[in-house]
Amino acid sequence: MEHQPPPFFKTGPTPLARLLICSVLSLLVLIADARFNLLPVLRQVVSVVLYPLQRIAAAPAGIAQRAGEFFVTHASLRGENARLLHERIERAAALQQLQALQAENAQLRELLATRQRVAVKSQLAEVAYSARDPFSRRIVVDRGSQHGVQSGQPVIDHTGVVGQVTRVYPWAAEVTLITDKDHLVPVLNLRNGLRAVLAGTGDDGTLELRFVPLNADFQNGDRLVTSGIDGVYPRGLPVAEVMNVERNAAFLFARITCKPLGGVNRNAHVLIVSAERQLPAPPPEEEKPVRPKRSRKGG
Amino acid sequence: MIYARPTPSQEILLPVKPAFMVATLLAALLMNLLPLSGWWLAARPDFVALILLFWCIEQPRRIGFVAAWLLGLLMDVADASLLGQHALAYSILAYAGIVLHRRVQRFSVTPQVLHVIPLLLLNDAIVLVVRLLAGGDFPGYPYFAGSIVGGVLWPVLAIVLKLPQRPKPDPDHA
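First to last, the sequence lines map onto chains H and X. When the letters of the first sequence are read in order and numbered with my numbering, they come out as residues 1 to 299. When the letters of the second sequence are read in order and numbered with my numbering, they come out as residues 300 to 473.
Treat the hints as calculated values from the structure; they're not laboratory data. Source: prediction; values computed, not measured. Mixed in with the good hints there might be a few duds.
[Said to hold, decoys possible] Only some residues are given here: those of chain X computed to face chain H with a beta carbon under 7 Å:
| no. | residue |
| --- | --- |
| 1 | L329 |
| 2 | W368 |
| 3 | Y394 |
[To be verified] Covered stretches of chain H, as calculated for chain X (at least 3 residues, CB under 8 Å):
| no. | segment |
| --- | --- |
| 4 | 184-195 |
| 5 | 205-216 |
Where is the CB? At the ideal position from N, CA and C, for every residue including glycine.
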């Protein structure tokens, strides 16, 4: 006891010791999150703490936007109104046909005794911000578990698939965009029904088809829609258009780059789709169907 | 005599109020949470790292690893990134700030920038290494732009954040 310094000099552990404790703690958290996905509860709690701050941070942009919306000219409003009216009339014909076709399709399916297609429900969500992580392509929308959003739901806009809900917070949800690296969407070629897997590259505006044989019939301008065999994306949503097909005999697979049809990173609103389908159980000893989940390879 | 002029670090300042430190860190967090995109986002410095480093250098006994680690965790959730990457980076940044504070304080504001930029780049590099290990891709060199901008902002910050600690001019000695 005699050798203890007076309390004036007591400063606790040295900075290096503190650093080691913090680093070990951080590494434990990192490994638990990246490798084992163990800490969704911690994330939820922190997100609730952050929520008011995020609302405050988003307020100036919201106010500026609303102010901008308020000061639109009469002429531009009239122009937009006329354009919308025109569009509605144009689409009315297609819509009426669609209703007739749907009825006919339902009747045919009944005749053939196949299962009815499930009606797709959707809810509108506003994009709060694009996540600031430069290593991934994600957006955060303002609908969360309080609004019935669930992890895994597909997200679309008016032109095509945007992504998939990957994390749900009480008042927000993270959407992984289809351009995110290693995000997979099972697609089929609308022209000939060929199936393939569309992968993000981590680069905005570029997607690539993986593992397509050299002789597969893909051409520039082919439209790819979701095939629905994953049980996540409903069938038939437009996803991408083939931009460039490169066939090099030195490689096993063709190199096919596509561009997304949906406004993947330039939307203010998106639709969160909920398609409740019961898929038959996968056969036990066969290869698993491709799931458009972010693979967490390497950590 | 140029040596007689006190550099900002030799000025005798009032003790900093803990509430002011908390307020600046909260403000930094808010700045980081601004919904920016595109070039603005690329050029935005990590304000939390910047303010944290400032207080670690100026007041190493008032701020510590707990604050750095918790702020890092908050940033991880806010950025939707891997949990713990910013916590690790901020802890190491705080350590560097606390260890180097005597040295950095000796310099006037402009040479301090030359200390701050490498430290902020180190902060970026730690996050980068963690993400590369976790299977990410290198996002390109603009990734480091924020730290350079942060270093350029340092002189302004150093002046603004020291203003409340300036002693009020004594009317008797006016």
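Tell me if L329/X is really an interface residue toward chain H, meaning its C-beta lies closer than 7 Å to one of theirs. holds (5 Å)
With 7 Å as the cut and Cβ atoms as the points, is W368/X at the interface with chain H? This hint holds: W368/X lies near chain H, its Cβ roughly 5 Å from the closest one there, short of 7 Å.
Restraint: Y394/X near chain H, CB-CB cut 7 Å. Satisfied or not? This interface hint holds because 4 Å falls under the 7 Å limit.
Closer than 8 Å, Cβ to Cβ, for at least three residues: run that test on the segment 184-195 of chain H against chain X and report holds or violated. violated (count 0)
Closer than 8 Å Cβ to Cβ for three or more residues is the test here. Does the segment 205-216 of chain H pass it with chain X? With 0 residues closer than 8 Å to chain X, the segment 205-216 of chain H misses the three-residue bar; violated.
Hints 4, 5, counting from the list given before, are not met by this structure.
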